[in-house]
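Let's have the full structure, built from the sequences with the hints guiding it.
Number of protein chains: 2
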Amino acid sequence: MTLDQKKWNTVCDKAREAMLLQTVADTLEWDERTGMPRGGGDYRADQVSYLRAMVHRIRTEPAHGEMLQQLSEQVGELDPQDDLAATVRGLRRNFMRDHRLPEALVERIARATVKGQQCWDAARRADDFSLFRDSLSEVVELKREVGQRIAEGSEKSPYETLLDEYEPDARVESLQTMFNDLRGPLVQLIEQIREAPQQPDRSLLQRDYSVAAQREFSRFVASAIGFDFDRGRLDETSHPFCTTLGPSDCRILTRYDARWLPSGLLGTMHEAGHGMYEQGLRREWFGLPPGSYCSLGIHESQSRLWENQVGRSRSFWSWAFDHAKKAFAPTLDNVTANGLHFAINQVQPSLIRVEADEATYNLHIIIRFDLEQRLIDGTLLVDDLPDAWNLAYERDLGIRPPSDANGVLQDVHWSAGLIGYFPTYTIGNLASAQLFDAAAAELGDLDLAFARGDFLPLQQWLREKIHRRGQCESGESLVQNATGRPLSADSLVAYLRNKLGNLYRFEMP
Amino acid sequence: MTLDQKKWNTVCDKAREAMLLQTVADTLEWDERTGMPRGGGDYRADQVSYLRAMVHRIRTEPAHGEMLQQLSEQVGELDPQDDLAATVRGLRRNFMRDHRLPEALVERIARATVKGQQCWDAARRADDFSLFRDSLSEVVELKREVGQRIAEGSEKSPYETLLDEYEPDARVESLQTMFNDLRGPLVQLIEQIREAPQQPDRSLLQRDYSVAAQREFSRFVASAIGFDFDRGRLDETSHPFCTTLGPSDCRILTRYDARWLPSGLLGTMHEAGHGMYEQGLRREWFGLPPGSYCSLGIHESQSRLWENQVGRSRSFWSWAFDHAKKAFAPTLDNVTANGLHFAINQVQPSLIRVEADEATYNLHIIIRFDLEQRLIDGTLLVDDLPDAWNLAYERDLGIRPPSDANGVLQDVHWSAGLIGYFPTYTIGNLASAQLFDAAAAELGDLDLAFARGDFLPLQQWLREKIHRRGQCESGESLVQNATGRPLSADSLVAYLRNKLGNLYRFEMP
Numbered sequence: 012m013t014l015d016q017k018k019w020n021t022v023c024d025k026a027r028e029a030m031l032l033q034t035v036a037d038t039l040e041w042d043e044r045t046g047m048p049r050g051g052g053d054y055r056a057d058q059v060s061y062l063r064a065m066v067h068r069i070r071t072e073p074a075h076g077e078m079l080q081q082l083s084e085q086v087g088e089l090d091p092q093d094d095l096a097a098t099v100r101g102l103r104r105n106f107m108r109d110h111r112l113p114e115a116l117v118e119r120i121a122r123a124t125v126k127g128q129q130c131w132d133a134a135r136r137a138d139d140f141s142l143f144r145d146s147l148s149e150v151v152e153l154k155r156e157v158g159q160r161i162a163e164g165s166e167k168s169p170y171e172t173l174l175d176e177y178e179p180d181a182r183v184e185s186l187q188t189m190f191n192d193l194r195g196p197l198v199q200l201i202e203q204i205r206e207a208p209q210q211p212d213r214s215l216l217q218r219d220y221s222v223a224a225q226r227e228f229s230r231f232v233a234s235a236i237g238f239d240f241d242r243g244r245l246d247e248t249s250h251p252f253c254t255t256l257g258p259s260d261c262r263i264l265t266r267y268d269a270r271w272l273p274s275g276l277l278g279t280m281h282e283a284g285h286g287m288y289e290q291g292l293r294r295e296w297f298g299l300p301p302g303s304y305c306s307l308g309i310h311e312s313q314s315r316l317w318e319n320q321v322g323r324s325r326s327f328w329s330w331a332f333d334h335a336k337k338a339f340a341p342t343l344d345n346v347t348a349n350g351l352h353f354a355i356n357q358v359q360p361s362l363i364r365v366e367a368d369e370a371t372y373n374l375h376i377i378i379r380f381d382l383e384q385r386l387i388d389g390t391l392l393v394d395d396l397p398d399a400w401n402l403a404y405e406r407d408l409g410i411r412p413p414s415d416a417n418g419v420l421q422d423v424h425w426s427a428g429l430i431g432y433f434p435t436y437t438i439g440n441l442a443s444a445q446l447f448d449a450a451a452a453e454l455g456d457l458d459l460a461f462a463r464g465d466f467l468p469l470q471q472w473l474r475e476k477i478h479r480r481g482q483c484e485s486g487e488s489l490v491q492n493a494t495g496r497p498l499s500a501d502s503l504v505a506y507l508r509n510k511l512g513n514l515y516r517f518e519m520p
Numbered sequence: 012m013t014l015d016q017k018k019w020n021t022v023c024d025k026a027r028e029a030m031l032l033q034t035v036a037d038t039l040e041w042d043e044r045t046g047m048p049r050g051g052g053d054y055r056a057d058q059v060s061y062l063r064a065m066v067h068r069i070r071t072e073p074a075h076g077e078m079l080q081q082l083s084e085q086v087g088e089l090d091p092q093d094d095l096a097a098t099v100r101g102l103r104r105n106f107m108r109d110h111r112l113p114e115a116l117v118e119r120i121a122r123a124t125v126k127g128q129q130c131w132d133a134a135r136r137a138d139d140f141s142l143f144r145d146s147l148s149e150v151v152e153l154k155r156e157v158g159q160r161i162a163e164g165s166e167k168s169p170y171e172t173l174l175d176e177y178e179p180d181a182r183v184e185s186l187q188t189m190f191n192d193l194r195g196p197l198v199q200l201i202e203q204i205r206e207a208p209q210q211p212d213r214s215l216l217q218r219d220y221s222v223a224a225q226r227e228f229s230r231f232v233a234s235a236i237g238f239d240f241d242r243g244r245l246d247e248t249s250h251p252f253c254t255t256l257g258p259s260d261c262r263i264l265t266r267y268d269a270r271w272l273p274s275g276l277l278g279t280m281h282e283a284g285h286g287m288y289e290q291g292l293r294r295e296w297f298g299l300p301p302g303s304y305c306s307l308g309i310h311e312s313q314s315r316l317w318e319n320q321v322g323r324s325r326s327f328w329s330w331a332f333d334h335a336k337k338a339f340a341p342t343l344d345n346v347t348a349n350g351l352h353f354a355i356n357q358v359q360p361s362l363i364r365v366e367a368d369e370a371t372y373n374l375h376i377i378i379r380f381d382l383e384q385r386l387i388d389g390t391l392l393v394d395d396l397p398d399a400w401n402l403a404y405e406r407d408l409g410i411r412p413p414s415d416a417n418g419v420l421q422d423v424h425w426s427a428g429l430i431g432y433f434p435t436y437t438i439g440n441l442a443s444a445q446l447f448d449a450a451a452a453e454l455g456d457l458d459l460a461f462a463r464g465d466f467l468p469l470q471q472w473l474r475e476k477i478h479r480r481g482q483c484e485s486g487e488s489l490v491q492n493a494t495g496r497p498l499s500a501d502s503l504v505a506y507l508r509n510k511l512g513n514l515y516r517f518e519m520p
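For the protein sequence lines, the chains are A and B, in the order given.
Position 106, counted from 1, in the first sequence is what this note's numbering calls 117; the numbers after and before it change by one each time, with no gaps.
Position 253, counted from 1, in the second sequence is what this note's numbering calls 264; the numbers after and before it change by one each time, with no gaps.
Worth flagging that the hints you see were computed from the coordinates, not collected in a lab.
Model, not experiment: these values are computed from the prediction.
One or more of the hints may lead you astray.
[As the list claims (entries may be wrong)] Not close to chain B: a few residues of chain A, all C-beta gaps over 10 Å, as computed:
1. Asp42
2. Asp53
3. Val198
4. Gly237
5. Arg364
6. Ala399
[As the list claims (entries may be wrong)] Examples of chain B residues lying across from chain A (beta carbon under 8 Å, computed):
7. Leu31
8. Val35
9. Thr38
10. Gly51
11. Gly243
12. Arg244
13. Phe252
14. Leu256
Beta carbons: idealized from backbone N, C-alpha and C, even for Gly.
Below, the structure is given as structure tokens:
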């Protein structure tokens, strides 16, 4: 292979320039969500949209596309997992998506989703879906057009191309199969738990957990599990997230509730999981595909693994409990590590996805995955969405939302144009369990390590198998290579049956 | 006059675009100084220098200069204080400066001042001027070249054109006269105070002032004197400053010392004074000269007025003392308002400018003003600077720095290329006293208002006379129009004699 060095340098420089401006815009948005003065909003919107438009212009320059086309032929003989091949493939993939979308459409979507989020917010407050109806219809139509334009000439459906933006190369049919394999066992498990002889004492988690103490304890735990505070920071916001502002500047955000321990602590572990993935990417490839996260599903696998497989494990609490007791004294004085661990693993069907436990969470996702496919292919009308939502909740979770605010209006995603995004949450859950199984099989007794506060072997295993691979492989291939088998529901089902069966003391099949 | 509307719109849009990018860069620098992770520095420097270069390119486009030239002729018949005239004049003034500097020189200065600050920092830590010598020489040479290029064909000296960047239209000769008028009375005053019968108890300020309590109290005071927290915020940093990130987003920063009350509290009032100036500029002119601060001297007059004429006044403490007593209980239990007020006004010659009291502060500035002129005109060599510094301190303040770290190496300014900047501090001090006199004469008994916590009349007077005028007048003209006479040392001298004479109980001449 002879790679045209000049073209290679040009496309890499352009991609890095776009990333530099994107991270500038992301810094402004981080600031907006961590305490920007109220009055700053309008001007901040001007600044961010100016920068985003610049990024789009740089990324869709026709000359850029031509060079990528030529380089693409030149790297054809390389191993597709090679950094050079991955770079050209990833940049070309993004260019091919972006450049099929006329600027006018991109602008209409930007406006429609800003308006969509405002209408959604108003509708949720007023508990009145009709206030959201028109703007959701507009968003659905625009995203359908995006899907159609990108799908043109390919074998994919419009919905599948939307999904592809978040989870490259994922296919609807195989997700459908996996999700079906998961749904049955989950419904059965929830049924067994409902009738189980042993139930946890949830009130342990609703005691006095001062925000100041939570702040300190969360920071301590994030640092202990491996989040690097020299290359990141932890802040507070109303809707937690993780954002990367440079190769050594990853910001995670959480929120604390002084009468509810899990949201702050497990929320921090969740975001720290995202953050450690970002911190584990290869710095020298920052802004290019080999140094970028693979997919949202893989990203979520990292956050869920640290939140659930670690943060909700008995061995983690063998180490953490004494620290927690000291941090929150005297709140935990008459509590045992077993009691706290059981409470943190309570399973209880509920209406709100973000508050759902590990067993019911994926049922929330499967419902959304089904509904959003039907919205895009036109078999479900926006007018019929609330009824369809409520029916699905009654069928799958056994509870019917008393109002749309607690039902179809609970998530911001669709209003923001994020259609095809929800399934990545369940992909992440499946992958987290399967990756953890493989790590435990390779590394020996992880529980022993956790019980003495040693999380480094697990972090290093993930770094090697996942983080450092960037976009050199697809998510599917990463999981296959790290675990020796294709992604499936098996690990998650076995993990939940085992842990919850022990806690609730029901017969396992 | 017929103003070419299209050209007018173009130059205004360009100026606003440059400001938008400048405020983006300023936001990144604010973030850098308020908790950016250590690892983020390198990439942050890339982001900021990319943005600064864009701003420079936009501001020096030749077409921009031509349009400004044409508009300049068109607004010739307008009142020079008219917004349109001020806009064209201000933008043209900046263009004429910037465009005389070849990009290569701008880049060399950027590199030399980054290196300069690093060498300065190392030299200060090691207390070794020789580590700073070479890079200071380079900065001085480059700034001399800047001064020469801009001065070419004008009646100004190179130093005067450097000063002009910070204090437009200020002349060295008239500053020299004012500073001489100030120096004699200050030296006499300090002598009288040294021998005064009454001395304050400084230890009152060195008690236990918890940072948490200071944080809350400083915020309370900033809000009470008029800083608008809906359009600004207060944070902490190692080197306090004020920065404006948008028309309704002004950030002020302070630092707290748990065993020293004045730095946090009076520092906050100082920065709030800067902030209220920025908040008082006309928002509709943001990014254009009528909505921009007039000069650094005028800016400093606003900060010093709230720090000194208000924050060090007896009537302010009539109101603030009970609040402070509560905020810091029991620290102030056996202290009186008079005792605290006296301690806060202690005069004591010292080596460090930023810790100096109101009487000695300007002597520090006058020394620097003299030295930096001689560095630029070549009559003082960098090698001879430390000796010249020490001699001047011995002569004017009666103390000789025991080491360069506490002498010539104490300020960052010269290393950062800020030559011509120091005199604006004394201009600000003179103007603050003169403006305060005029406000008191017009508004009646300000002390009565302060004693009941009413600072609004003073703020509104400043808003009308100073803030809303932006760059429609020079600093000199602003002071003349607000106070009815040209800027002089009279008000400051009378104010210090009066206040300090009462406190220290010496005979006034």
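Quick rundown of the hints versus the structure:
At roughly 6 Å, the least C-beta separation between aspartate 42 of chain A and chain B is not larger than 10 Å, which violates its mark as non-interface. The claim that aspartate 53 of chain A is not at the interface with chain B is violated, since a C-beta of that chain comes within 10 Å of its own (minimum 8 Å). Valine 198 of chain A, annotated as away from the interface, keeps every beta carbon of chain B farther than 10 Å; the closest lies near 44 Å. Against chain B, the non-interface label of glycine 237 of chain A holds: every CB pair exceeds 10 Å, the least being about 15 Å.
Under the 10 Å C-beta cut-off, the non-interface status given to arginine 364 of chain A relative to chain B holds; the minimum distance is some 31 Å. The beta carbon of alanine 399 of chain A is kept farther than 10 Å from every beta carbon of chain B, the shortest such distance being approximately 43 Å. For the restraint placing leucine 31 of chain B at the interface with chain A, the shortest Cβ-Cβ distance is roughly 6 Å, inside the 8 Å limit, so the hint holds. A cut of 8 Å between beta carbons decides the hint on valine 35 of chain B: the least distance to chain A is about 5 Å, and the hint holds.
Contact between threonine 38 of chain B and chain A, as hinted, is supported at the beta carbon level, the nearest pair being about 6 Å apart and thus within 8 Å. Of the supplied interface hints, the one on glycine 51 of chain B holds, with its beta-carbon coming within about 3 Å of a beta-carbon of chain A, less than 8 Å. For glycine 243 of chain B, the interface hint holds, the least distance from its beta-carbon to any beta-carbon of chain A being 5 Å, beneath 8 Å. Interface hint status for arginine 244 of chain B: upheld, as the beta-carbon distance to the closest one in chain A is roughly 5 Å, under 8 Å.
With 8 Å as the threshold, the beta carbon of phenylalanine 252 of chain B stays out of range of chain A, its nearest partner Cβ sitting at about 17 Å, so the hint is violated. Given hint, leucine 256 of chain B at the interface with chain A, holds; its Cβ is 7 Å from that chain's nearest Cβ, closer than 8 Å.
Of the numbered hints listed earlier, those contradicted by the structure are 1, 2, 13.
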